[in-house]
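Colleague: Heads up: the sequence lines are chains A and B, in that order. Going by our numbering, the first sequence opens with residue 15, and the numbers climb by one from there. Going by our numbering, the second sequence opens with residue 24, and the numbers climb by one from there.
Hint data in this document are derived by calculation from the structure and do not stem from the laboratory. Computed from a predicted model, the values in this text were never measured in an experiment. Warning: the hint list may mix true and false statements.
Here are a few chain A residues that face chain B, going by a calculated C-beta distance under 8 angstroms [as the list claims (entries may be wrong)]:
#: 1; residue: Leu-60
#: 2; residue: Lys-82
#: 3; residue: Pro-96
Facing chain A, according to a computed beta carbon distance under 8 angstroms, are these residues of chain B, among others [stated by the list, open to error]:
#: 4; residue: Arg-54
#: 5; residue: Leu-62
#: 6; residue: Ala-76
#: 7; residue: Glu-79
#: 8; residue: Pro-93
#: 9; residue: Phe-97
#: 10; residue: Asn-126
#: 11; residue: Thr-127
#: 12; residue: Phe-130
#: 13; residue: Gly-131
Note that beta-carbon positions come from the ideal geometry of N, C-alpha and C, so glycine has one too.
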Amino acid sequence: GENVEQHPSTLSVQEGDSAVIKCTYSDSASNYFPWYKQELGKRPQLIIDIRSNVGEKKDQRIAVTLNKTAKHFSLHITETQPEDSAVYFCAAMAENSGYALNFGKGTSLLVTP
Amino acid sequence: DTGVSQNPRHKITKRGQNVTFRCDPISEHNRLYWYRQTLGQGPEFLTYFQNEAQLEKSRLLSDRFSAERPKGSFSTLEIQRTEQGDSAMYLCASSLTGDASGNTIYFGEGSWLTVV
């Protein structure tokens, strides 16, 4: 089955700096890659996603890049703010062979003022 | 539309008791998922419904776990003879087939289970 690895497990940045979180996946059939933000005790909330027919997608301060050949994708947050502090999860899904999202173990991001 | 709704939000039960969680998906979403999340881990897939049909089950879903979605709307997840290892947050999620965003999956707030 699909195995998603996520790094780093914790990340601390100064407000205004950029943060990058990287994920790798094992199943070459995976073609949908969402990123979720989860605050303590809250639901995972989708912040951005990308499909395998696209190499990069951007939404304001958040961007995701995908390298299908290398089977890795990354989340980039620019101009970080304290409210960006949360746990971020990457996930992968093979849309043509089932609809289970396989999650990474998460990255705890702390943005200090 | 208030999003995916789950209840109860918190449940403390004694080992060996049965518990049931309910999930109401986003209106008109035909796909419904159950995930389990423990502290410091990402959500783990348990099972998935398309309308009332349960199409996929994870090996994590032991015989003590059963999920239903009888009318293709709300779903229940029952855990029989609970064990301490069942303590976790049970997340429900839903999505809409054919949605322009594809398989965007929306999560509920989760139901926290503590088995003592």
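Colleague: Please flag the earlier hints that this structure goes against, numbers listed from lowest up.
Modeller: 2, 3, 5, 6, 8 and 9
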